[in-house]
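**Q** From first to last, the protein sequence lines stand for chains G and A.
Sequence positions in the first sequence follow the numbering used here and run 79 to 354.
Sequence positions in the second sequence follow the numbering used here and run 6 to 409.
Since the hints were made in silico from the structure, they are not lab data.
Quick reminder that beta carbons are idealized off the backbone N, C-alpha and C, glycines included.
Some hints could be false.
[Stated by the list, open to error] Short derived list, chain A residues pointing at chain G, Cβ under 8 Å:
{"#": "1", "residue": "88"}
{"#": "2", "residue": "89"}
{"#": "3", "residue": "91"}
{"#": "4", "residue": "226"}
{"#": "5", "residue": "230"}
{"#": "6", "residue": "232"}
{"#": "7", "residue": "244"}
{"#": "8", "residue": "261"}
{"#": "9", "residue": "373"}
{"#": "10", "residue": "377"}
{"#": "11", "residue": "384"}
{"#": "12", "residue": "386"}
[To be verified] Lysine-lysine pairs mimicking DSSO-like chemistry, simulated, CA-CA at most 27 Å apart:
{"#": "13", "chain 1": "A", "residue 1": "227", "chain 2": "G", "residue 2": "215"}
{"#": "14", "chain 1": "A", "residue 1": "399", "chain 2": "G", "residue 2": "267"}
{"#": "15", "chain 1": "G", "residue 1": "215", "chain 2": "A", "residue 2": "184"}
{"#": "16", "chain 1": "A", "residue 1": "401", "chain 2": "G", "residue 2": "261"}
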Amino acid sequence: MKKNSLLSKLISAPHIVWAAIFIVVPLVMVVYYAFTDRNGDFTVENIKAMGYYTYVNVFLRSLWYGIIVTVICLVIAYPFAYVISNLAPKTQGTMVMLIMLPMWMSLLLRTYSIMALISDTGIINSFLEAVGIGRIKMINTPFAVILGMVYDFLPFMILPVYSAMTKMDVSLIETAYDLGANKRNVFLKVIIPLSRSGIVSGATMVFVPSVSTFFISQRLGGSKTALIGEIIESLFVKNNNPHLGSAISLVLMVLILICMFVMNRFGDEEEGAVMI
Amino acid sequence: MKRIVAVLISVIVALSAFISASAEDDDFDYLREASAPLKGTQLNVYNWGEYIADGKDGAADVNAIFEEITGIKINYTTYDTNEDMYTKLKSGGTSYDIVIPSDYMIARLIEEDMVQKLDFSHIPHYSNILDEYKNLYFDPDNEYSVPYNVGMIGVIYDTTKVDPEDVGSWDLMWNSKYKGSILQYNNPRDAFATAQFLLGIDVNSTSTDDWDRAYSKLVEQKPLVQAYVADEVFSKMESGEAAIASYYVGDFLLMSEVNENLDFYFPKEGTNVFVDSVCIPNSAKNKTAAELYIDFLLTSEIALENAEYICYASPNRTVVENEDYSLKGNEYIYPTEEPITEYYHNFNSDMNNMMSDRWNSLKLEGSSNLSTYIGIGSVAALAVIWFIVVKIRKAKRNKYYEQV
Numbered sequence: 079m080k081k082n083s084l085l086s087k088l089i090s091a092p093h094i095v096w097a098a099i100f101i102v103v104p105l106v107m108v109v110y111y112a113f114t115d116r117n118g119d120f121t122v123e124n125i126k127a128m129g130y131y132t133y134v135n136v137f138l139r140s141l142w143y144g145i146i147v148t149v150i151c152l153v154i155a156y157p158f159a160y161v162i163s164n165l166a167p168k169t170q171g172t173m174v175m176l177i178m179l180p181m182w183m184s185l186l187l188r189t190y191s192i193m194a195l196i197s198d199t200g201i202i203n204s205f206l207e208a209v210g211i212g213r214i215k216m217i218n219t220p221f222a223v224i225l226g227m228v229y230d231f232l233p234f235m236i237l238p239v240y241s242a243m244t245k246m247d248v249s250l251i252e253t254a255y256d257l258g259a260n261k262r263n264v265f266l267k268v269i270i271p272l273s274r275s276g277i278v279s280g281a282t283m284v285f286v287p288s289v290s291t292f293f294i295s296q297r298l299g300g301s302k303t304a305l306i307g308e309i310i311e312s313l314f315v316k317n318n319n320p321h322l323g324s325a326i327s328l329v330l331m332v333l334i335l336i337c338m339f340v341m342n343r344f345g346d347e348e349e350g351a352v353m354i
Numbered sequence: 006m007k008r009i010v011a012v013l014i015s016v017i018v019a020l021s022a023f024i025s026a027s028a029e030d031d032d033f034d035y036l037r038e039a040s041a042p043l044k045g046t047q048l049n050v051y052n053w054g055e056y057i058a059d060g061k062d063g064a065a066d067v068n069a070i071f072e073e074i075t076g077i078k079i080n081y082t083t084y085d086t087n088e089d090m091y092t093k094l095k096s097g098g099t100s101y102d103i104v105i106p107s108d109y110m111i112a113r114l115i116e117e118d119m120v121q122k123l124d125f126s127h128i129p130h131y132s133n134i135l136d137e138y139k140n141l142y143f144d145p146d147n148e149y150s151v152p153y154n155v156g157m158i159g160v161i162y163d164t165t166k167v168d169p170e171d172v173g174s175w176d177l178m179w180n181s182k183y184k185g186s187i188l189q190y191n192n193p194r195d196a197f198a199t200a201q202f203l204l205g206i207d208v209n210s211t212s213t214d215d216w217d218r219a220y221s222k223l224v225e226q227k228p229l230v231q232a233y234v235a236d237e238v239f240s241k242m243e244s245g246e247a248a249i250a251s252y253y254v255g256d257f258l259l260m261s262e263v264n265e266n267l268d269f270y271f272p273k274e275g276t277n278v279f280v281d282s283v284c285i286p287n288s289a290k291n292k293t294a295a296e297l298y299i300d301f302l303l304t305s306e307i308a309l310e311n312a313e314y315i316c317y318a319s320p321n322r323t324v325v326e327n328e329d330y331s332l333k334g335n336e337y338i339y340p341t342e343e344p345i346t347e348y349y350h351n352f353n354s355d356m357n358n359m360m361s362d363r364w365n366s367l368k369l370e371g372s373s374n375l376s377t378y379i380g381i382g383s384v385a386a387l388a389v390i391w392f393i394v395v396k397i398r399k400a401k402r403n404k405y406y407e408q409v
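Isolated chain A (complex conformation) (with noise of 0.2 Å):
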């Protein structure tokens, strides 16, 4: 029985394959049509950096080609973070056109009536999205977004430095065996939930109960954390300065390009996983365009060189399928084992700010800071007696002056 209905998947797989190839000539005739009239316009497209094919290491130049089939004028600008990018569009300085936040901001972007509703009649290229990937809990009826990458959160280690015994779970980051050469997370979020996970704790839990849990085992692994990183996490991977270090699996596939030593496990107890979709802005200008932009991202050809150049897993399903693709079936991206994840849940200011204020107290753990204290309390004392000396001294020479 498993046996035929394997046959029929792989069938099924190999006609859908066949007619999305056939649908793919007249994918850019479509474009061409329908962005005459916009011809010359321009559009605001603010996404990630490194987030996108660009003409790089024999990569499509994926925004030239729009150019070039449009004559829309593609004004590109990234973020590093999705804080950066809502501070920016909240504070409405500039106006975007795109934004490719991830999931938790689409939420909270939804919640504070940022962004507009997308009219599907143009975007067809939609139905290429893989099922599982629509009507997500942040925009369940799939009015707002379309997603664009798919990534999970995982723990890279050096095989050399780590004992094989010791991985599968996120304690190999709480583990003293390798003191000094774990990297932690330098943003709350990510940093509470590998705590989170391992402790077993919801990473959406509104209880601060749960949170003090969470930031007793951070101050716990704080001696053994080499330091708290973000984009640096690639050096000191690569060149082997450090051996443990929790991160994107896709960015775990090109950090294994400079150093073979890595390999990469999701932990047992959990992980999170995120998507991050394309949105319209309410401030938009050129919303049509915008939306032949989203369309033509997800064109089986576009949307192959977006996934083979950032490495992240596709929700496309002519992607997945693709023969040509070089990471298809890609266990560490796709993996056959389907992971525990979980997504982030947008908080509330509250929730955020009890968040910093620990993450705050956190930095400051296990330093002394009676070092501080003498230092500034010498200085302070210096100052005092110097004043006083220069006053003495002021005076005794008056009184000189006054008797000559």
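Isolated chain G, as found in the complex (with noise of 0.2 Å):
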């Protein structure tokens, strides 16, 4: 088929126009307020707002956060997802299908049972109590906000792993143990660089919504240490201020774009170019 055939121009047109109006026409939006104030004047007075403490600071513990959490479910997917591609092929499929289980439920509906989970009159302070440990503070603490985050947003870990490990060559680690190598350095040397774009993949759909997210944190750390996307929401639907929001907003964007960039040298190094 030639690239420009009419056929092929048909079959990506839903898909233009989708990405023109649901994705260009909102950041123009964003783009567009961010720099205009409430007469629709141009300024960059929303811009600079964001040098002020409040907001770097909270940027910064944004990032830090996502930086946590994509550590954290790093940490316990990868073995899981090395363990899941070693299975014979059907259970694959299931042990697959019951990671993407929780994702049928609405992330709200599963936010609300963690708090009934963990909160202080919940099920794990009541079973605590009885067995007579005393009941643990847990909602409502940065702890919450980042267990919340972990469940959430594991799964978006495993699968990219999963995939990359199931794609891997295996002649490829067969004839790394012909040459000698011992176990240790094959998942070192072969497996990790094989697999180095499903963690970058992975990294990146974990961290991005993570810094984002404003409903874990509202939910689970009773808004007392705010992250950034509670800080936007707010501009918008409760200052209605939706200047300063989208300031807010592009600026994380760009911060955002820096971190996948630096991420994406992590998985380019050696392989080319990994596009996520």
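Could you fit the two chains together into a complex? Lean on the hints.
**A** This is the structure:
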């Protein structure tokens, strides 16, 4: 098929229209709002406001939480994906379905169920008290926020890593053994480099939503330590200030792009560019 | 003398109840007649969530009754905050025929010319509205709005956890005895108001100084606060997770049905009162139908259904005086001793920005940023080291290949 044949144009048309309406237009609007004030005049005040102590700190904290969540997810997901990819194909299908299962439920519902588990009068604490250990303060702490994010975003890490591992060429691993590599070296020098693309795309898919989430920090953190998503939400919804909200979103997007660029460098350094 | 007055008043009350009761019979005849030409048209109603009797819990389905009588189709959607509603209306994507904002938001809508004057000749049941809810500050000549519900804010507390001696004032929410059991509003206006009432500052003050003082008070409160909440307050108070919260009196009644240990008071320093009123936006496409709908909401039967379902105070005389009204004379929503109350007024955008800036900083207070700095710093350092190591390794390898 020729690259620009009528058929290929027709096939890609819905996607292009979709992308134009739902990706390009909102982006343009965000940029427009970020650089205008209430009267629609051009201003850079909104962007300048990012320099304030408050916003710098909220940005840093959100990024930091995102990094923590990504690392924890990776630590949990990597061995897990490795184990699954070594199972019999039939069992693999079941396992993957089990990972997907929670994603069939709404994120809100899952967050509420975590609330029910870890709240002061919740299931875990009632159990701990009955056993005699006593209640542990869990909800409304940073721990709860990170727990919620890890729980909600873990499948986004497992699935890409798992698919990278199943695509791995087994003969390369066999060759490594044949050439005298021990288990540790095979893992470090063959398996990890080969699954790097999966790690990078998984890390992106966990990092980006966890930096910008507002619902989880609101419900599980009790809104006591605001993350950037929550500030943006409140600027749009509660303060009717979409201009500052858009400016923050824009800066956040740039920051996330920078982070993704850095992460991509980890991925492409040996086997060519990995696009996400 | 007092007794005579009381007797007189009760006679008048009984009489007026009788009159309105007799007027009731032809209520819907008027509606049926007036709506005949509008049959088959559509009415877009935009209301708060859970703010109309909708057939659940044994209540009547108010919208369905209207549709049945008039043949006008209702397209019913809901919002969570005045600001949501405002944003939606301002953006102009959809047109609404009916909105039900609160007082200060109505003031803003009128100021920005977003709502239109009502034709009261289509709203004969407006006479059911109590005089005290006419000509309110946000609509002094009563041209744009018809009161729907009246509410007040107060403090809800758990009688099993809170010492009766501590209640009565806003300072219960600052009482360190109850550290970790206090819920504060997760919206700036209401949260600041709790501090402002406690400090005796006008909630409509535009002086930065006043807001700074209220801010320091909220900072002082933060370590005691369990969480900043909106509708989560229901589950947290009902389950006993929290002991003290400031919320709307109507919602307290709903909570106390689940957890009977809860009690409520109006703080002695004063509190916020609000009136949610029905308005017709400028963008309305079916104005006459909207006015008929407003009239329909004011009829004694429908107003009673709504008052029973929503549990807010009704501004409708026929409801308040109705013997069958289960909340008649309820000490919480119709307190005999009027608490000191104040309306919120509309702020301009500078004031709103000032408020939200302070609110955002409040969210950062009290938590150390040091661990964040160290964390981000070490991750950045690790990334740099990694790149250097990789570069060196590559250079070495290339050198090796060259040698080979």
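**Q** Checking each numbered hint in turn, tell me which of them this model violates, lowest number first.
**A** Hints 4, 8, 9, 12 not satisfied by this model.
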